[in-house]
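Q: The primary structure of each chain is shown beneath.
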Amino acid sequence: MDSKCKHFPPKWPDRFLEFYCNPSRLEQIQGDAYELFYMDLEERGLAYARVRFLIHVLSFFRWSNIKRTKSTYQTFSHGAMLKNYFKIGWRNLIKQKGTTFISVFGLACAVGCCMVAYLFIAQIWFKGLNQPNKDEIYQLTYTAEGENGLVTYGAVAEPISELIPEKLNRVQNHTRVLREFPILIHKNESYQQRSIYIDPAFMEMFTYRMDYGFAGALRDQDQVILTHELSEKLFGDIHPIGQELALVVDGEEKLYKVGGVLADLNDMDMFNFDLLVNFESHPYSTLDITLEEEWNSELWTFIQLEKGQDISEFNAGLQALTNIQNQINPDKPYLNMGLVAYSDLVYKVDEIENGVRDFLGLGPQILLGSIGLFILILAVFNYINISVLMASKRLKEIGVRKVIGSRRSQLVFQFLSENLMVCFFALFLGCLLAGFIFLPGFNEIASKNLKIDLLRDANIWVFLGGMLLFITLISGLYPAIYVSSFKPINILKGSQKIGNKSILTSILLTFQFTLAIIGIVAGIAFVQTNYINENRDWGYSSADKIIVNVPNQEDYLPLKNKLLALATVNEVSGSQDYVGNWIREEVLEFDDQEYEISLLNAEANYPDILDLKLKEGRMFNPELISDTQESVLVNQTFLDRLGLTFPLDEKITLDSANYSVVGVVEDFHTIFFQEAIDPMVIRASPDTTFNYLTLLMSSGTAESSLNAVKKIWHETIPKGLFQGKLQTEVFDREFSDVQGVRNILLFSAILAVILAALGLFGLVSLNMNSHIKDYCVRKVFGANLSDISMKLFRRYLLIWGIAGILGGAFSILIISSFLDSFFAFHSGVGVFPIGSGLVILLLVVAVTVGSQIWKILKANPAVILKSE
Amino acid sequence: MKGYHLGELEELILLTVGILDQEAYGVAVLEEIKNQTGRMVNISAIHTVLNRLEEKGFLKSYMGGATEERGGRRKRIFTLSAAGRAAIEEVKSLRNKLYDQLPPLALDFSNGQ
Chain A
1 MDSKCKHFPP KWPDRFLEFY CNPSRLEQIQ GDAYELFYMD LEERGLAYAR
51 VRFLIHVLSF FRWSNIKRTK STYQTFSHGA MLKNYFKIGW RNLIKQKGTT
101 FISVFGLACA VGCCMVAYLF IAQIWFKGLN QPNKDEIYQL TYTAEGENGL
151 VTYGAVAEPI SELIPEKLNR VQNHTRVLRE FPILIHKNES YQQRSIYIDP
201 AFMEMFTYRM DYGFAGALRD QDQVILTHEL SEKLFGDIHP IGQELALVVD
251 GEEKLYKVGG VLADLNDMDM FNFDLLVNFE SHPYSTLDIT LEEEWNSELW
301 TFIQLEKGQD ISEFNAGLQA LTNIQNQINP DKPYLNMGLV AYSDLVYKVD
351 EIENGVRDFL GLGPQILLGS IGLFILILAV FNYINISVLM ASKRLKEIGV
401 RKVIGSRRSQ LVFQFLSENL MVCFFALFLG CLLAGFIFLP GFNEIASKNL
451 KIDLLRDANI WVFLGGMLLF ITLISGLYPA IYVSSFKPIN ILKGSQKIGN
501 KSILTSILLT FQFTLAIIGI VAGIAFVQTN YINENRDWGY SSADKIIVNV
551 PNQEDYLPLK NKLLALATVN EVSGSQDYVG NWIREEVLEF DDQEYEISLL
601 NAEANYPDIL DLKLKEGRMF NPELISDTQE SVLVNQTFLD RLGLTFPLDE
651 KITLDSANYS VVGVVEDFHT IFFQEAIDPM VIRASPDTTF NYLTLLMSSG
701 TAESSLNAVK KIWHETIPKG LFQGKLQTEV FDREFSDVQG VRNILLFSAI
751 LAVILAALGL FGLVSLNMNS HIKDYCVRKV FGANLSDISM KLFRRYLLIW
801 GIAGILGGAF SILIISSFLD SFFAFHSGVG VFPIGSGLVI LLLVVAVTVG
851 SQIWKILKAN PAVILKSE
Chain B
1 MKGYHLGELE ELILLTVGIL DQEAYGVAVL EEIKNQTGRM VNISAIHTVL
51 NRLEEKGFLK SYMGGATEER GGRRKRIFTL SAAGRAAIEE VKSLRNKLYD
101 QLPPLALDFS NGQ
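Taken in sequence, the protein lines are chains A and B.
Just so you know, the UniProt record's numbering puts 103 at position 103 of the first sequence, and the rest follows in order with no gaps.
Just so you know, the UniProt record's numbering puts 75 at position 75 of the second sequence, and the rest follows in order with no gaps.
Treat the hints loosely; a few may be bogus.
[Unchecked claim] Pairs of lysine-lysine, BS3-like flavour, derived with a Cα cap of 25 Å:
1) A/K725 to A/K711
2) A/K67 to B/K60
3) A/K348 to A/K134
4) A/K402 to A/K83
5) A/K134 to A/K396
6) B/K97 to A/K67
[Unchecked claim] Stretch-level coverage of chain B by chain A, calculated; a stretch enters the list once three of its residues show a Cβ under 8 Å from a Cβ in chain A:
7) 6–19
8) 46–57
9) 95–102
Everything labelled a hint here was simulated from the structure, so no lab data went into it.
These figures come from a predicted structure and were not determined experimentally.
Heads up, the beta-carbon is just placed ideally off N, CA and C, and yes, glycines get one too.
Whole structure, please, built from the sequences with the hints as guidance.
A: Given below as C-alpha cells:
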C-alpha cells in the first residue's frame, strides 16, 4: 500500500475530469478511476497506468456524465439574482451620495480627458479608414536608387495613369491626385485654399456624404466640390450650388461653379483639402510640354481593384509600366513599381517619400495620452481608496452574507456590479463632459474639428466598451477581492480592522499627491516660460513695420515705388526672407571647412530698418557699391560657432564668391523660441527683386496704414494673395500655439488638484465618521485643538512630504525634458514651480483636514456619545 | 406483461451485481466479469449500464466504503432491487422455456453435414 501512494494519477486528466464531470457522479467516477489506476500501477507499471487513466477519463466524457447548466428555472433565478445585485448596489450608491459623487465625478473627468486624447490619437491613426472601399484601394509607388540606398516614392510619373487600363487588368477605377494651393477669388476677396485636382473616378472610389449637390458634379470640368467649412466661409447662408468662384494657378485664372458641398469631414479624411477640382481643368493639362517633361512631373495615383483581386497578379503589369518609364525617361530610372494598400499608408509614413501622409506628430499624441492616463490614474486611485473605506461600513453585511452561505465569488460579483454602475454613470457623464466642454475647448486650442460621432464611428464604441470594462476591473477588482476576503468570525466578533491605516491607502495617496505635484509643476513652469518668452527681447525693434509679400518678380519695382509714395511710409527695403520667419540655409566655406548657416539676402538698408543692434564694426553703407558685392554682416552666434573674433582677416566663401565681414550684430530671433539661434550671415544684394518688402512707417501708424497698404497692393497685383502683416505679429501663431498647450497643461493641473483634493476629502471624512467618537472622548478628557490637529495631520503631512520629494525629483526630470523638447529658450524647472506646487498641495491638505477638525470642534460630545 | 427488455450487457451486469451482493461497485463489477467470463469491459460502459439499470429500477444504490486507493472517495454500492431480482427470474425462465423447446439434437437429420 505504501509503495502505491508514492505515485499519483496524472494531474491534468484528473483536473479535466473534475472540470467536466457532473458533481453528483464525480465521487464514484473519480474513485473508480483512481482504484483502476493503482491496480494498473501494480500490474503493469507507472507509464501504463497513466495512459490508462487518461483513457478512462476520456471514456467517461459522455453526455450523461457531463455537467450541464441549469434548467430554465435556474436561469430565471439567475436573472433575479442579478437584479438583486443591482438593486442593493443602487441603494448603496444612493445612501452614500457624497462619496458616490466624488467617484463618479472623478471618473467622469478622467473619461472625458481620455476621450479627447483618444479622439485626437484616433484622428491620426484611423484617418481615412471610414472609406467603404478602403480594402480595394492601392497607391502606386516606385522605388529608385537614392543617395543613401533605395528610396520609395509615393508619387509616380503623371502619364502612368493613362496606361493603367491598358497594362493592369481588372482595375475598376483609377485616379490622379494633385495637390495645389491656388488662390481662390470670390467677390474680390482672395484666399489661399488647399485643393486637390482629381479625376472624376475619385468620387466613385472614395465615398463622401454630400450636403448639397451630387458627387458626379466633377465630371463637368467647370465645377468644383467644396467642403462644408469652405462653403460656410465663402457663402454663409446662401445656397452654394451654382455660385461662381475663380481659382488662380501659376497666374492663370479660371472660373468655376460650385457643383457640390461635402458634409463635415471631421478631420477624418485621408486627404487634407478644402476643395476638389477636376484634374483636366488644371493649367498643367493644357500646357505644351515635351514627353519627357510629362514623365518628369509626378503625382499621387490611386487604383481601385475589382473585389477579390490579388495584388500579386499585377507584378507583370507594373513591370511593363516600369519598362516604359525607363525607356522614355532614362535619366530617372525606376527600379520597380509597387502598390501600397490604402489602409497601410499610415503605417508606412517613414518608408514612403512624398506620400499622402507625411508625419504623425508623436509628441502631441504622447502628451495628450499621458495627460489622459494621468487623470485616469488619479480618479481610479480615488475610487479604490474610497470604496475600500466604504466597505468598512458594510462589514456586517459581508459577514452575515458569508455565514448564510454566500460564496466569495458572489460577493465579488456584488461589489463589481456596484462598480459597474458607477463606471457606467461616469462613462455617460464623461461623454457629456467631453462632448460639450472638453472637446469644444480642445478644438479651439488645437484648431481641430474633432467630434464624438456615435452613429458612424464604430471604433468609438469599441473604445467606450473597452474603457468601461477596463475602469470597472482596474478600480473594482482590488476592493472587491480585498473586502470579500474577510473571515465572517472576525467581522461579527468586531475584531476586523479595515482600511484607514492600511499601507495601500497611504501608497495610493502618495502616488496621487506626486502626480498632482508633477501636474502643477508642469503647468506653472509652462506659464512661467511663456511669460518670460512673451517679454523676451527679440533682438531688434519690431515696432512700426509692415511686411508684404511680392508674388511675382515683375511686380516688385512697381509695388515698391507705389508703396514709397504712401505718406506714412518712411523707408522700404526688400529681402529674400524676412526676420520672423524661416530663413533659408546655405553652406558656407571658411578655412576649408563647411558650415551650415542661415543666409539672409536683403537690401543694404534692411539691418538699419530692422534696428538690429550693432556690436562691432559697422552696418552696410548703401552708398558703397562694394558693400552690395563683397561685404556681409554676421551675428554673434556665427562668431561663437566658428570660434572667431572680430575683425576677421580672412574672407568667407558663399557660392564660391568671397565676402569680408564688416560688422557683427547682436543675436536676434528670426524664428520662434522653440529653436535655438542659428549662425547667420546677412548679405546685402543689389536692389533687384526680392520676395518681401519691409516698410518702415512713421511712428505709430503701422496698424492704421495696413489697410491702405493692402489696397495699393491689390491695385498693383489684382490676382494675388495679400499676405501682409505687422512685424509685431510675426510670432502670433506660435504664441497662440504655446498658449494652447499652456491651457491644456493648466487645465490638467487644476483637474489633478481637484481630484486629489476630492480623494483626500473622501478619505478624511470617511475616517472621521468612523472615529468621531474617539475624538469626542478625547475632547471630553480635555484634548485641545493642537492635540487633535497633530493627530489628524501627522499622517497626511508625512505623505505630503514624501510626495513632495518624489514629485519634485520627477518633475525636474520629466518636465525639464518636456520643456527642452518644446523650447530652446525656457526658464527650466526652478524653485518657483516646485515651491508653488508644494504650497498649493499643502493648502489643499490643510483645508481638507482642517474642515474635519472644524467638524470636531463644533461637535457636541454629549450628542454624539449619547447615541448608543 | 411484455418482459423486462434487458440487453446482453445489462443482463450480465445485473447478474454480477446479484452475485457480488453488497460489494458491487464499478471496479468490483469489472473485475468479477473479467474473472468469471474473461471479458474486458470498459469501466465507463459499466458505469453507464449501472446508472441505466438504476433508472429502470432494477438496482438500488448507496454511498459507502471509502478506501485509500480511491483517494478517500466513497464507492457507490449497488444492490439488486426486488424488480431486479424479478427481472432476472423472468429472463431466466424465458430462456429456459425457449431452451426446452429446442428439438433433441440426435433426431435431426434434415441438415446433414
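Q: Evaluate each hint against the coordinates.
A: Against the structure, the hints come out as follows:
For the given pair, A/K725 sits about 13 Å from A/K711 by alpha-carbon distance, which is consistent with the 25 Å threshold. The suggested pairing of A/K67 with B/K60 holds, with an alpha-carbon distance near 23 Å, which does not exceed 25 Å. Restraint check: the Cα-Cα separation between A/K348 and A/K134 comes to about 16 Å, which is no more than 25 Å; the hinted pair holds. For the given pair, A/K402 sits about 20 Å from A/K83 by alpha-carbon distance, which is consistent with the 25 Å threshold.
At roughly 59 Å between alpha-carbon atoms, A/K134 and A/K396 are farther apart than 25 Å, so this suggested pair is violated. Of the supplied pair hints, the one linking B/K97 and A/K67 is violated, its CA atoms being roughly 45 Å apart against a limit of 25 Å. Coverage of the segment 6–19 of chain B by chain A is violated. Counting CB-CB distances below 8 Å, 0 residues qualify, and the rule asks for three or more. Given a C-beta distance limit of less than 8 Å, the hint that chain A covers the segment 46–57 of chain B holds, as 3 residues qualify and 3 suffice.
Counting residues of the segment 95–102 of chain B whose CB lies closer than 8 Å to any CB of chain A gives 0, so the stated coverage by that chain is violated, three being the minimum.
In summary, the numbered hints that this structure violates are 5, 6, 7, 9.
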